Structure formats: C-alpha cells, structure tokens
Amino acid sequence: MSYSAAKNSQMQKKLRQEAKALLEQGKVDCIIGYEPGSLKHATTPLITKDKAATERLVINPFIVNNLSNFLPYTKGRIGIVAKGCDSRSIVSLIQDNKVKREDLFILGVPCSGLIDVSKVEALVGKYRDEIDDISRQGDIITVKVGAAKKEFSLSQVMFDNCLACELPTPAEYDVLLGEPTSPIGAAAESAGKLDELKAMTAAQRWAFWQNEFRRCTRCYACRNVCPACYCKRCFVDETEPQWLAPMPQEPDNLMFQIIRNLHVSGRCTDCGECERTCPVNIPLRALTRDMYDIVDELFEFKSGMDTKTQPLLTAYEVDEAEDLVK
Amino acid sequence: MTQDSEWEPRLLGLLCKWCSYAGADLAGTGRKKYPANIRIIKVPCSGRIDPLLIVKALRLGFDGVLVSGCHPGDCHYQTGNYRARRRLAITRKFLEGMGVDPRRLRATWVSASESGKFVEVVSDLVKDLKEIGPNELFGGKKQPDAEKAKTGS
Ligand code: SF4
Ligand code: SF4
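These protein sequence lines map, in sequence, to chains A and B. With the numbering used here, letter number 279 in the first sequence gets 279, and the count goes up by one each step, no holes. With the numbering used here, letter number 101 in the second sequence gets 101, and the count goes up by one each step, no holes.
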C-alpha cells in the first residue's frame, strides 16, 4: 500500500481511540507511544496512565524510538505502540522471558519507513529548526524552506535500517492500526559501508574501527537504548574484576562495543537505535548488520520473528559448526 | 611484520575442568612436553565462557586464545559444549569481520585421556601464531604480566 498522509491520520485516529478504550476498560495499566517532541520534525516517547493524554499520541514518519526498550522496566499490563522492527524486539524480549505476552497489548503500526532528518538537513543545507515542513506523499518527500520547495526520493531521506527493513508490518500484534505494508527494498548507504569494509584487508578494517572508536565518549547511550541490553548490571559496571578502564580510551571503547555486539547476538534485530543515538556518529550499524547476517548465515536465525522460537544462544544442534573445532 | 627472533607467542588456554584441564594435567604427569607459551585458566565448563573472556585476553595482549572442552556428548553438564560451540562460532566470525585473524581463536575438544592431542593442539596453535605475528590489536606489544591477567585489571 502506498503511503498517504490521509491514511496516516486515520491510523493515528484509530490509535487514540484504541488507547483510550484500553485505559478506560482497565485492559492495560499504561500506554507507551509517541507524542510530538520539543524539536521540530521529531517525536518523544509518551508513557502514560492518563486517558486524556491519549489525545497527544501521534503516528508520523518521525516515530523513531524503539519503545520496547521500556518494557523490562515497566510494571503492570502495557499497551505499546510498535512498528515492524519494534515488534521484533518485543518478540525477542518474550523469547528471553523478560516480558510476558499476556501482559502486553500491542498496537501494531504497519510502517512505511521513517525519515532521517539529518539526511534532509544535509540535502537542503539547513538545520532542523530552519526547515518549515517535511511531508510525504507516495514515494516522494517534499521539503519546504520558506518559499522554496524540494522533492526527494525515499532512498535519499529514509533511515538506512528502514531501507533494509524486511518486516515493516509487525510480526506480533493485538490490533493492526492500518493495512499491511511491504518493504521499501531500496539500497541503503549502510549496506554500501559494509560492502566497502568487506572489500578492505583485515588490517584496514581494524584500523577503520580503531579510528572510529577514538571518538567514542563511552556515554553508553548505545547500550541504554538497546532493548536487548537489559542486564541490571552490565559487564562495564563490574569492578571485581574490572573489565574496562572507566576512562574512555580507544582500546577499551572498541572492546566495549565488540562485547556488546557479541552479547546481543541473536537478539539484536538491527533496529538502528544505537547508531541513531550515538552522539559522535559512529557507524554502529555496520557492526549490528554484520552480526545480523552472521547469525543468519551460520544458524539460519533471524531475531524476533516468532515468540515460540528458542533464543539463539540457549539452543543448539548436535551437528553444527563442527568446522570451527580442530 | 618485523619480529625479533626472540619473540615467542603467548596464549591463554581456557580449559574445562572435567576433560581438557585433566587432559593437560595428564600431559604433565605423563612427562609429555608441550610449549611453555600457554597460560591456563580452569573453567567449570566450556559453556561458561563468555566471549568477554576471549576479547579481554586479546585486550591484555595475549597472541591467541585456546578454548577446549569435552567432546560432543561427553559434557559433564550434558550440553555446555554445544552452547559454547555456537557462541564461539559467532565470536570468531564477528571478530574476523572486524579485522582480527580468526586463527587467534582456536577451539578444540580434548578428553581427560587425550594428553597427546593436547600437546599437538598447543604446538600447532603456537606454530600458527608465530606465522601471524604478535597481537597488536589493542595497541600493545606489551605482554600481560601474570598478576594483571589474574585480576583482569
Ligand atoms: S553489553 Fe552485555 S552485559 Fe552490558 S547490558 Fe548489554 S548484554 Fe548486558
Ligand atoms: S553511543 Fe557512541 S559514543 Fe556513546 S558509548 Fe556508544 S559508541 Fe560510544
């Protein structure tokens, strides 16, 4: 189904009605969704028990956060708004026994992809605040700055992970807020980055990552936004033994990110939250995407597809990966 | 890669208590000689090995890591080695993607009676590592001193 603003506002209307009814009928204790953000062309998570607040819920091409991140820390029955990628993270949390399916009411958003405002900023050479309007009709994105109007294609302005998305319509939901959508299927820049890395020698790849992680501030935002990183005590916080020096320095920054990726293997759905949140723009998806492909290649496993599947790292086959062992 | 002829690789062995550690022990009591390049840490089961231990060893400057557990079907806890195998396969592939020579991470199965195999595997890994050269991944020619490796700090 092609995207239209009218269809989108219908979806939003339906969401508000459903959310309000869920709270009124006591079917959920709270709703987790999106409301307009304080910046232009942005949204922010809304977590509320107040049924009047459901009027603030929005669905638009800027609902970027993966709200499943809040689930392990939220008590009671939860109504949660989920795009395709988010639904996979939710399924993964169910597989991991971190949340119970029956405690959730999933308000599924058939997603048409999200707009990466930083790409728009680069294309029009203006900051977010100076851009008056960003709208989408079909596969054309129209950007208005004052009287000037420019049109862009999806592959120019959508998030890389949206361009690579395999499952825009949620895998798991209680109500689907609109008609199912299909993958955009355009080539993403980040796939290019991974190909580029693969064409390099091993030494060049390592040097590339060393260089990238020189600017990591070890803010841990990538871990904190990650729905798969729910450990109450992360290895980075351990002191006996202390695995990393607390001061952000390249070797330990790099080690941190390697371990983080290994820890979330088979649970990471390549949703792109870590890359989006990184304040110093480290291309983290070149790592998460690689891991995503590796588990698929080795074990034909895709994270978060089905609540009945056993988590990758708790399962095994007797005959597998024997070529690893000498 | 320039190396002085003195250079000897150092490797960390993570050996499961029930099979491989006993196998290494048997090599000792049987007076079989294996390269002194290996430092051994006994783990309760190969399934206990968090990839963190492997990457930390590389961070500390070990040139290679040997993970060894019971043969498939022989795990004291039934399935620990199968789980370890999955994790190791992923770890090795991911590290390779980032630019680490996958030969730095070796996995093997050694039973309590296979002291000969243990000697062979260690010798072979040392040979490989001599070919690959010193681990300078995390910025260091510095070799870990025993104390540091112990406390992990
Ligand atoms: S990096 Fe590892 S230890 Fe830390 S929160 Fe993520 S999964 Fe847990
Ligand atoms: S978000 Fe970026 S800067 Fe912060 S810890 Fe992660 S990689 Fe480092």
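These aren't lab readings, by the way, just hints derived from the structure by calculation. Here the structure is a predicted model, which is why all the values come from computation and not from measurement. Check each hint, because a few of them may be wrong.
Simulated restraints, written as ranges between beta carbons of each label pair [what the hints assert, rightly or not]: (1) B/Tyr77 - A/Pro241: 55 to 61 Å; (2) B/Asp74 - A/Gln249: 41 to 47 Å; (3) B/Arg48 - A/Pro246: 22 to 28 Å; (4) B/Lys127 - A/Phe70: 48 to 54 Å; (5) A/Glu240 - B/Gly139: 56 to 62 Å.
Ideal Cβ placement from N, Cα and C applies to all residues, glycine included.
Okay, the hints, checked on the actual structure:
no. : hint                            : in the structure
1   : B/Tyr77 - A/Pro241: 55 to 61 Å  : violated, 24 Å
2   : B/Asp74 - A/Gln249: 41 to 47 Å  : holds, 42 Å
3   : B/Arg48 - A/Pro246: 22 to 28 Å  : holds, 26 Å
4   : B/Lys127 - A/Phe70: 48 to 54 Å  : holds, 52 Å
5   : A/Glu240 - B/Gly139: 56 to 62 Å : violated, 25 Å
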